[in-house]
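K.L.:
Residue numbers (my numbering), protein chains in the order written: chain L, 566 to 959; chain S, 3 to 628.
Since the hints were derived computationally from the structure, they do not count as laboratory data. Among the hints, erroneous ones may be present.
Claimed, not checked - Partial chain S-side listing against chain L, Cβ under 10 Å, derived:
hint, residue
1, Tyr229
2, Asp295
3, Leu303
4, Ser306
5, Pro309
6, Phe355
7, Gly358
8, Leu463
Built from N, CA and C at the ideal position, the CB exists for glycine as well.
What follows is the residue order along each chain.
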Amino acid sequence: MRDESGTAVVLAAGEGRRLEPLTNRRPKPMVPVANRPLLEHVVEAVVAAGIDRIVLVVGYKQERIRNHFGDGDDWDVTIEYVEQSTQLGTGHAVLQAEPVVDGPFVVLNGDRLVDAEAVSAVRDRLSDGDAPLVTVTAVERPRDYGVVRLDGDRVIDIDEKPEGPVDTNRINAGVYGFSPAIFDAIRATNATGELAITATLNDLAERDEVTGLGYDGRWLDVSNLWDVLTVNAALIHDTDHAREAPTTGRRIGDTVSVADDVVLAGNVRVGPNATLSGATAIGSNVTIAANAVVENTVVFPDAVIGPGAVVRDAVVAGNAQIGPNATITGGVSTVVVGDTVHRDVTLGGVVGDNASIGGGATLTDGAVVGDDVRADAGVVVDGRVEPNAVVRRG
Amino acid sequence: MCGIIGYIGELHAADGGGETTDEETPGSVGEIVHRGLKNLEYRGYDSAGVALVGPESGLTLAKRSGEVDALSVPDVPDATLGVGHTRWSTHGPPTDANAHPHTDCVGDVAVVHNGIVENYEALRAELADHEFTSDTDTEVIPHLIEEELAADSGGEEGGEGADLLAAVRRVEGRLEGSYGICAVREGDDRIVVARRGSPLVLGRGEDASFVASDVTAFLEHTRDVTYLEDGDVAALSPDGVEVYADGDAVDRETETVTWEADAAEKGGYEHYMRKEIHEQPTALRQTLAGRLDVDAGDVDLDVSFPPGFLADLEEIRIVACGTSYYAGRYAAQLFEDLAGVRATVEIASEYEFGAGRTPDRTLVVAVTQSGETADTLGAIRRANAAGARTFAVTNTLGSTVTREVDGTAFIRAGPEIGVAATKTFASQVATLAMLGVAIGRDRGALAAADARSVLEDLQGLPGAVQQVLDEEQRVREAAREFQDSEAFFFVGRSLGVPVALEGALKLKEISYDHAEGFAAGELKHGPLALVTPETPVIAVLTDGARADETMNNVTEAQTRGAPALGCVSAGDEYDTLDASFDVPDVGVVEPLVANVYLQLFAYHVANEKGRPIDKPRNLAKSVTVE
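Bound conformation, chain S alone:
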């Protein structure tokens, strides 16, 4: 999922950067490259970097793990060209050192790369006298270029005769695997690119040229593009673009892109959120892959605790924010049932270690999709300071939280772009349920037969979610019918409570409607005063959510004229509901499956109202401030 952008243009460099925030104004080289990286954000990433080259300033490099926004692109007024890269690590951590661009020993050559150099170990062995600073396969490329340049110049660094284009062409012949490469060099006014296996596309502007792994990176600047073919090497210079294949200059056709950037990014979906809702079966299969040992009634989460720690455990405290907090609420009930240990949940920003607790008998579990949530990190630091054992459940390899806790379980949901969390909630709960089984088995609190039953329910989760997705049309109809309501109340009991809270959060986040979630029993203790014929009640009426008792409370609301919608265990029926949605039989995870209906409901209400679903007003995906 890495992304590449390169830009070369004389015209805009003369503007000297400055205060260009207007979309119409191209801005400096650094700004254009930075914006290209922003356009590639949708692919998911965990580190980013740029290299800028100017006649006076030489080669300037900036790279780091984390947000594209957090990357401060250096102000290089004389820069005429630059390349940038976003990296999404799936194997190996996202560190500053592993971020692209990578350089040669002296820092004259910088390379960004998308793909895999399969023979990098052999090449690295050949480059024994070079100094490597990262764990990446990519880093061999700048060193190979350095070697080829040195050979050309008779051993002298940067001597006459050393040509970047010729060097890249020879290096290209030594690489095995798949790659798209962009190389720049101090003192050279070109970007040299090579493609084999990984996409690279050139953009042909009037006074500027672009290269990218994906057209969307530069679509705001030009729609005239040239797709490179495997084995092509091209040089982007102030005079234009030259493409070579097998050493000969070739003409590659220029096409005009007619489609809109947004459509391509989202794979044809209108919004990331809907795409990610539909990705849940796949995400859950990844979450569960290889971790369930149903026959033995155990799970393999690849986590370990000191001997005796779990046996002596007094309390599991979960700290989290937003949707992750509701996943924690779900998990806390499962922990008590499965692991026989007191489990509490605290909003991370409110968390203090608190009196009456024994640090070495407390496990504090942080639940955070990004692993960068400032409030959650703060809570973990307070827990660490108190001497408690800490643990993280996160989607992001190498994120800050993983470095600050004693152990981590990854939810493996894949990148999530929509601000409203959907698939990560499902994967968080599934991962926490597995953790509950693991702890319960370790403590001897959970019989193998009971564990098996939970694991079979988990195993049935992806298929059950797919069944719900197949019902989307009916949810859309319900959303159309009720979209103009004054307010929406979500209710449930037991495991239905966190789902009701999450359902309300989802709706308010993206539709801006007034939505509240309650424990169903609380309705009559206050909120019932808000109920009118204009306020639909949406109930979780499944296994694990004390459906019959909840239905009694729903009836109280119906008596006041409120319409009622319910997610009901397959086979059960509540005749008075205005709309009823079947939830397949998967035991304790039925409320989690019901939540998919609530996601779809929120999505379609917001979509009918034309809300900016992926970027709701005032909200950010990863909240890195306290």
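Chain L with its partners taken away, still in its complex shape:
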């Protein structure tokens, strides 16, 4: 471990509209996977890298973040908060941290999961000078991200979601190392509308001032609703379950079947003959009633899954109620987000916070039910249902 422990600035002010309805009541960094918010996984990586001071840039629904992390005692780290009251881009977010950092610092996104090595690699190079460091990683679909062209370890440019063909699979991993000089550089960046940190980096790259750092560890991004399931599964499969939440307060019947790749929060009730399997995470104060089948599903706190319900490949958000014998069949489907059609994604369905699915109702594959929706017993729910809607029979 190095002497200097340093500061990490984590950007957690964004809303995450592509994850609606999950982000209607919480910021994207607070969407839980493997029973912990995305941001908690980021904080843990930062702590594991030996950094002992974190500045969280918060904005949208910030109470959720402040309430969960407090002053950082539970993670043995000092957590401070700065507010980005309007979301004007990542560069603007970094600028909000200026009053509270006085030396070189690491910057991370609060919703991208990386290993501690990505953080410590940047931290260890921080004292080299004022040249910004950008962590670069290889992914299968580079065009969804900021594609980085490199000349040796010099960054040539970062091309956000390029339209045309790309000749590299290397992208900006979203872990940066900056000196306080970055603040003037951000202010000097010409921007119309959002002030993205990558715009500043491109300006600096033109003067050969940006260094790329290769990283080939874990890099997980939750861009779309179905990524909640894949990232949840990835985390569950490489976590040591023995150190998960304490088992106190659980009520689990004798005849319940719980597979190894299921994580249960401390305070969970599971009725007789229920079956839990396939990379499933069950949050605090959740009830799974008798004979329910839950598979490859993320269940947020306080939700209730009724007797005999079948819930596969689904995200069930906070305090949602799935009625008796309701069915989310699961499997591969086509999901439309905005104007984009996503084919062949595994998503049985999403049930928003406080929504209620009546007994015997069915969600067709890829259905997305908004928060506070009431779906009557026996209905078939298809496509996207806006928040607060009532789905009636007939």
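Assemble the complex: chain L is given as a structure, and chain S must be docked to it using the hints.
P.N.:
Frame of chain L; chain S shown alone:
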């Protein structure tokens, strides 16, 4: 949540203590350590202690369970260094013996510790010839130090060659687990500290050095700090600070803290009260954890009564003060409904056993967050003297009330710092509701199906409260609109009455505005004379609160020009309200959920007025005088 503070400085010891109350004057070692403990109070604690060392006086120890304020720090004029500790017990009782500092057999070495010594049982077995006086894992540390010192000095106590720093370094290698340790020794002018897993930070003043589990403990004295790393051992002496890692002296960087103490303590919230309002879903999940057996329609509160006692019960009398009294009012109605037994509530300071009652058929239930409320303890003593069976509902393990009653149910809400009770009210009512179900089932007064319905409502409580918290922005707008009103009247019926009373109490406590709660039907029997266009009426219009009848009374006030705000069951609508807040469908606990709106309203009215919300004038968190 334990807290550590240590201080060493020659300069201030020469002042010899004295009448230093001025914030600018550092004062004696004892006073500085005591103030450090006060600064750590926000973490919650139930015991505290200090050890002071001086060249003439040797080692002086003081520790006890209870308030930091109640700890009398001994006057040791020649003390040059001291360490202090606050302890919040979650497993095992807060007793004087279990409070830190802990000492070795002869009382030469004193240690405060934050964290867990995982191999303490094995170590304790190795220390078979040492005398232990507490149940803590910590106590092995001073005894291990004693052993290492003895080894150095060839078996002689305190002999030449025995060095505290060397001893702590060797002990550190024998401990498993997580810890931050501070050790002091009679005849030694140093504080020796070690860190692994639990935070320790050093403060570097001009003529003094500090060590603490948290910078806030000494931030008023110095902002120059050094964070220790895992495995570091450091010695604080009059000459300064030396840090060692793996036996070698190392330089650890000194940083300057730029932030303000308050922000760190409250996790970025402006006030504990707002933090604690937002903690309610988590607190309620803890309250309910493992206690609801919905399928069987029963609860497991881990309490027991003598056979036949509940069946023959004639009356449950609840005694409490302030917010706990309103929780009791809520519970009394639930007890009558669920347990089929007469239930009455008495303000604790007014309580007498009273005539016409049979002691062995009466259960007296004390509701107290701290478990130390003097008025409530007095009531319990009167009940015990009369021969009644007594019971406590409290947040505090090992508190006085738990030792004086026949049985206890803990509300498990976690530490509450804001003087205005918020999350503990919610957890108290939830716990009392579970107690009502338990008694009702035991007495055969409550059918399993009816019990199930109540338990499902309870289970839905955390999610419902979260829904209300998500509406905070709208409550803040209402608070801004109505903050300058002359007075505020809160009304409800049935379970809405205690919530109206609690809503009014919250507002008056922290905003200093005139606020009153009434049973809605009483409005026309007097208080209506106070109603003007400048006095908003805030109503509980939910299930369990006879909403339609209450709305009739609200209309009477509206006719006199009063603005009206309401907390309304989701799906119902009262079009004439000036502001309406939805309460999710959770049956008999809907008024409890509505109360969260009233908490937020009180908070935002007070915040708009810039009141000192966490420490309202004239009030204390735990009232330990009658």
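K.L.:
Could you run down the list of hints and mark each one as holding or not?
P.N.:
Right, here's what the structure says about each hint:
A hinted interface residue such as Tyr229(S) counts as satisfied when its beta carbon comes closer than 10 Å to some beta carbon of chain L; here the least separation is about 6 Å, so the hint holds. With 10 Å as the threshold, the beta carbon of Asp295(S) comes within range of chain L, its nearest partner Cβ sitting at about 7 Å, so the hint holds. Using the Cβ-Cβ criterion of 10 Å, the hint placing Leu303(S) at the interface with chain L is not satisfied: the shortest such distance is roughly 13 Å. About 20 Å separates the beta-carbon of Ser306(S) from the nearest beta-carbon of chain L, more than 10 Å, and the hint is not met.
Interface hint status for Pro309(S): violated, as the beta-carbon distance to the closest one in chain L is roughly 26 Å, over 10 Å. The criterion of a C-beta within 10 Å of any C-beta in chain L is not met by Phe355(S), whose closest approach is roughly 37 Å, and the hint is violated. Restraint check, Gly358(S) versus chain L: the minimum CB separation of about 42 Å is more than 10 Å; hint violated. For Leu463(S), the interface hint holds, since its Cβ comes within 10 Å of a Cβ in chain L; the closest pair sits about 9 Å apart.
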